[in-house]
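Line by line, the protein sequences are chains A, B, C and D.
In this text, residue positions in the first sequence follow my numbering: the first is 1, and each later residue adds one.
In this text, residue positions in the second sequence follow my numbering: the first is 1, and each later residue adds one.
In this text, residue positions in the third sequence follow my numbering: the first is 1, and each later residue adds one.
In this text, residue positions in the fourth sequence follow my numbering: the first is 1, and each later residue adds one.
It should be emphasised that the hints constitute simulated quantities derived from the structure, not laboratory data.
Even glycine gets a Cβ: it sits at the ideal position worked out from N, Cα and C.
Treat the hints with care, as some may be off.
To be verified - If we take Cβ atoms under 7 Å as the criterion, some of the chain A residues that face chain B in the derived model are: (1) Ala13; (2) Ile26; (3) Val30; (4) Thr31; (5) Glu38; (6) Ala42; (7) Arg102; (8) Lys119.
Said to hold, decoys possible - Computed far set for chain A versus chain B, every beta-carbon distance over 10 Å: (9) Thr118; (10) Ser127; (11) Glu139.
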Amino acid sequence: MSVSVQTEDFDIAAEIDALTSSDRNIGAVVTFSGLVREMTDAGAIQTMELEHYPGMTERALEEIVEQARARWPLQGVRLIHRYGPLAPGDRIVLVVTASRHREAAFDAAAFLMDYLKTKAPFWKKESGAAGAAWVDAREADDRATARWERPTSTPSTQQS
Amino acid sequence: MSVSVQTEDFDIAAEIDALTSSDRNIGAVVTFSGLVREMTDAGAIQTMELEHYPGMTERALEEIVEQARARWPLQGVRLIHRYGPLAPGDRIVLVVTASRHREAAFDAAAFLMDYLKTKAPFWKKESGAAGAAWVDAREADDRATARWERPTSTPSTQQS
Amino acid sequence: MQILYFSWLRERVGEASEDIETSAATPADLIAELKARGSGHAMAFEDITAIRVAVDQQMVELDHPLAGAREVAFFPPMTGG
Amino acid sequence: MQILYFSWLRERVGEASEDIETSAATPADLIAELKARGSGHAMAFEDITAIRVAVDQQMVELDHPLAGAREVAFFPPMTGG
């Protein structure tokens with residue numbers, strides 16, 4: 001089970017161990033954790049509410065993981081995304097990739113995050129002193145996704 | 001203190017917490033852990049001995065961290081490298097980068113690993129049934145380092 | 001047909017879902033029908049460029065055929081991660 | 001001058017370090033002197049392309065001036081990480 005959509009927090013060390021403990025030929029493990037930032041363009045926020053599309057979310061995340069597995073020689077992949085109410089500093093998302101060599105682990109983790117940002121049905125609403133507002137999709141995220149759709153499989157990391 | 005050279009293992013979750021707990025404007029944390037692989041081109045190994053150059057190692061790692069900080073807007077960097085006898089599955093190296101956005105955290109972590117591989121004075125000796133041998137430097141690692149020395153600051157992730 | 005709304009589309013429509021009878025051939029046709037249901041719906045679908053559609057949980061274009069579809073979801077561009 | 005050896009250079013020389021008197025102007029000159037100290041040294045420095053040099057803990061080329069240097073280290077390409 002490589003994908004979870006949950007309200008609870010996650011334990012990064014436990015997730016790494018679960019992915020790596022049974023395989024002594026993993027040479028590289030990359031993790032990405034996304035956190036709620038307090039300062040936004042509209043000022044400091046107190047809470048962030050993450051809405052998602054139950055059913056489609058799991059399906060979209062599993063498809064993204066399958067694509068990563070098809071592109072890179074991965075010995076393990078784990079993807080956890082939280083939903084519900086969160087506060088500044090809280091963890092939102094975790095990606096873990098394990099491979100023999102670091103290039104595949106780094107590239108696959110970056111790919112998973114780029115795809116997840118534009119293809120998984122989550123929506124963020126931030127609330128602060130100035131009121132509540134839905135977060136706009138970043139154009140930079142679309143560009144980051146598009147870079148993986150060029151003919152070469154490992155594109156420039158330049159995004160913005 | 002962002003650099004450590006030590007014989008003891010490290011605790012990835014504790015290192016992430018130390019880097020992120022006091023700053024609520026970190027949006028992205030990337031970790032890389034390098035592990036000892038059991039199977040090598042020369043067969044299965046039982047132990048790996050990591051030799052280093054005390055004094056120069058710490059200095060080289062600190063220089064690499066300074067370069068990363070100069071190139072990317074990082075809110076935190078941590079680099080731990082072990083030395084001495086290790087076994088398959090053991091952790092060798094940890095890189096943690098924290099930034100507002102994921103691009104900087106990913107790129108800086110990949111840069112730190114590439115530079116560390118070719119600029120930090122460590123040497124690996126693997127021992128197995130077939131005897132003991134010093135690990136050859138990978139040409140791919142030189143190419144991975146060279147890609148950061150081109151005029152643009154965020155090069156292709158293609159390495160081999 | 002089950003219609004789902006997320007994020008500010010849900011807030012403007014005032015409902016997370018509704019069951020409707022329709023013979024709309026595409027999501028674009030369906031949107032034209034839905035806009036006639038009231039001012040909330042009209043406001044939700046005001047800017048068509050800001051709207052994404054999934055049919056039976058797969059992202060599609062606005063001219064995708066709806067024949068056989070059980071669930072159609074409308075939402076703004078995704079902002080997860 | 002303190003000379004340090006690491007990895008297989010250390011094993012071939014048979015010592016991790018030695019203190020020597022030298023007026024070698026560059027690491028290349030120093031290598032020529034060291035090779036004359038015995039068969040272990042000669043074997044260690046056999047393939048000059050496989051050797052890297054640090055002077056006072058900074059990587060340098062083989063023609064770098066040694067004037068004022070206190071510590072010179074010889075080792076193969078690094079394999080950390």
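Do the numbers back the hint for Ala13 of chain A, that is, is its least Cβ distance to chain B under 7 Å? 4 Å, holds
Quick check on the hint: Glu38 of chain A CB to chain B CB, less than 7 Å? With Cβ-Cβ at 4 Å, under 7 Å, it holds.
Holds or violated: is the Cβ of Ala42 of chain A closer than 7 Å to a Cβ in chain B? 14 Å, violated
Against chain B, run the beta carbon of Arg102 of chain A and see if the smallest gap drops under 7 Å. Cβ of Arg102 of chain A sits 6 Å from chain B, so the hint holds.
Can the hint on Ile26 of chain A be confirmed by a CB-to-CB distance to chain B that is less than 7 Å? 6 Å, holds
Would the stated hint for Val30 of chain A survive a check requiring a Cβ distance to chain B of less than 7 Å? 5 Å, holds
Distal placement of Ser127 of chain A relative to chain B, Cβ over 10 Å: 15 Å, holds
Can the hint on Lys119 of chain A be confirmed by a CB-to-CB distance to chain B that is less than 7 Å? Nearest chain B Cβ about 16 Å off; hint violated.
Checking a non-interface call: every C-beta of chain B should be farther than 10 Å from the C-beta of Glu139 of chain A. Is that right? 13 Å, holds
Classify the label on Thr118 of chain A as holds or violated, using whether its beta-carbon is more than 10 Å from each beta-carbon of chain B. 13 Å, holds
Hint check: 7 Å Cβ-Cβ cutoff, Thr31 of chain A to chain B: 5 Å, holds
This entry does not satisfy hints 6, 8, going by the numbered hints stated previously.
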